[in-house]
Amino acid sequence: MKRPSMEAEFEEYFLARGPTLRRTAYLVVRDWHVADDVTQAAMTKLYLAWPRLRVETIDAYARRTVVNEAISTARRGRREWPTSDLPEAGAPEPPDVGFDVGRALDLLSPQQRAIVALRFFEDHSVAAVADALGIAEGTVKSQTSRAISTLRAHLHDLVPTEELS
Amino acid sequence: MIDNELQTLLRDHVAGTEIPFSLRPEESVVRARVARLRKRRRRLAAGIVAAVAVAAVGAPTIVARRADGGRAPVGAEPTAPATVTPSTSGKDDLPRHRALAVTAEEVPALFASLYPGTVSETSPLRIRALGVEFLWNGFATSVRWMPASTGGLRNRETGRMERGRWQDAGPPLERCQTGTTTPARCHVDTTGAAWRTSLVRVDDTALRFVDLYTLDGWDIRLTSANRKDPTEPVLSSDPPFTAEQLLRAARSEVWFR
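Just so you know, the protein sequences line up as chains A and B, in that order.
Here the first sequence stands for residues 1336 to 1500, numbered as in the numbering used here.
Here the second sequence stands for residues 16 to 272, numbered as in the numbering used here.
Warning: the hint list may mix true and false statements.
As the list claims (entries may be wrong) - Derived Cβ-Cβ restraints for the label pairs, each shown as a range: (1) B:G132 - A:A1343: 36 to 46 Å; (2) A:S1407 - B:E268: 46 to 56 Å; (3) A:P1354 - B:A114: 46 to 56 Å; (4) A:R1410 - B:G31: 22 to 32 Å; (5) A:R1410 - B:A50: 16 to 26 Å; (6) B:R58 - A:S1340: 22 to 32 Å.
Unchecked claim - Derived list of chain A stretches under chain B, where covered just means 3 residues or more per stretch with a C-beta under 8 Å from a C-beta of chain B: (7) 1350-1362; (8) 1387-1393; (9) 1469-1481.
Hint data in this document are derived by calculation from the structure and do not stem from the laboratory.
Values in this document were obtained by computation on a predicted structure and should not be read as measured data.
Glycine included, C-beta positions come from ideal geometry on N, C-alpha and C.
The whole structure should be built from the sequences, with the hints applied where relevant.
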């Protein structure tokens, strides 16, 4: 039967690749629970498209869907349950330790975070990143350069020793 | 090399903050099916509207038989349907969609009123769409309500679900069975609600799920883990709550108006 087979294939893919895709989503949206929502939504779109995808294009499609969903979510802001009862002041800020990747990432735009995640966390080529984000390779390079400059300014231990290719 | 250094920093950061992966493929499958169903219904509705428009143009004096046997021009009594289609699904008999009565901040304490224990918020309190995660005696616990149809409307002022087109989402057993690859795990209770339970083990982490699909259109999920988070040691081999206890909490009326 076609359907159970498709579901089984999808479930296998979901469980194998879901954690990695969620990590990428997290680096863009900067919240694990929002990353959960993003990944689940992207996987739903992947399942809808599954019958017309070729095996060799599934990864690229999944990556593109997750990253674009994450960027859209990050731009929209977090989907939280609105309430009028939250305390005025949030949790106290952590002490300034001067070196924190998470805080440095927050300084980047969602698209720059996506580029950093795909280029440096998932280790994809410029061409693959451009394909995933639907932008030109030149844009990937220029945005990478800007992101690195920002990160470098806030991550003092990150000393450049080689120019970006 | 900057690439390698940045890669190491990113991977360390992710590894240091990551929470257990608890997403389930069944949920995406269900959402996809609902999306397909809604798309089909939209197309069908569009077709009906188009057909009615054509009929209205061609026959402006159409009359329709009313349920009481009388006859009246269509449009003379907008509240009376032109034709009455017998309900085959029993949807007309379904109870009104209850509205949630709690805010996210109230959930941990209310849960503790059902099962006494020390509840504390995660830091910060993790509020997800229509759900909340908290610690019960140090164990990660969560309660989440999802309207069966994503077409639900939420009051911006109160944060409560006011109404939703949940009737479109199908009866509880159907919703339960479409959410799993093993439909036999779904059961129906005396209220007409469907439910299923599962226990997922990954290494030494145990996570128990209870899913309740109510007759009035709520999909409720409670989870209970055997630890606080992946950076902390496990507190017990099993989650503190049994499936029966979580199911009882899911069925509780304390959450609703």
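Here's how the hints hold up against the structure:
1. For G132 of chain B paired with A1343 of chain A, a C-beta distance near 40 Å keeps the hint of 36 to 46 Å intact.
2. Judged by the Cβ atoms, the range 46 to 56 Å given for S1407 of chain A and E268 of chain B is violated: they are separated by roughly 37 Å.
3. Between P1354 of chain A and A114 of chain B the CB atoms are about 36 Å apart, so this pair departs from the stated range of 46 to 56 Å.
4. Taking the beta carbon of each, R1410 of chain A and G31 of chain B are about 26 Å apart, inside 22 to 32 Å as hinted.
5. Taking 16 to 26 Å as the suggested C-beta distance range, the pair R1410 of chain A and A50 of chain B conforms, at roughly 22 Å.
6. For R58 of chain B paired with S1340 of chain A, a C-beta distance near 27 Å keeps the hint of 22 to 32 Å intact.
7. Counting residues of the segment 1350-1362 of chain A whose CB lies closer than 8 Å to any CB of chain B gives 7, which reaches the minimum of 3, so the coverage claim holds.
8. Only when three residues or more bring their CB closer than 8 Å to a CB of chain B does the claim for the segment 1387-1393 of chain A stand; here the count is 0, and the claim is violated.
9. Remark: the segment 1469-1481 of chain A is not confirmed as covered by chain B, as 0 of its residues place a Cβ nearer than 8 Å to a Cβ of that chain, below the required three.
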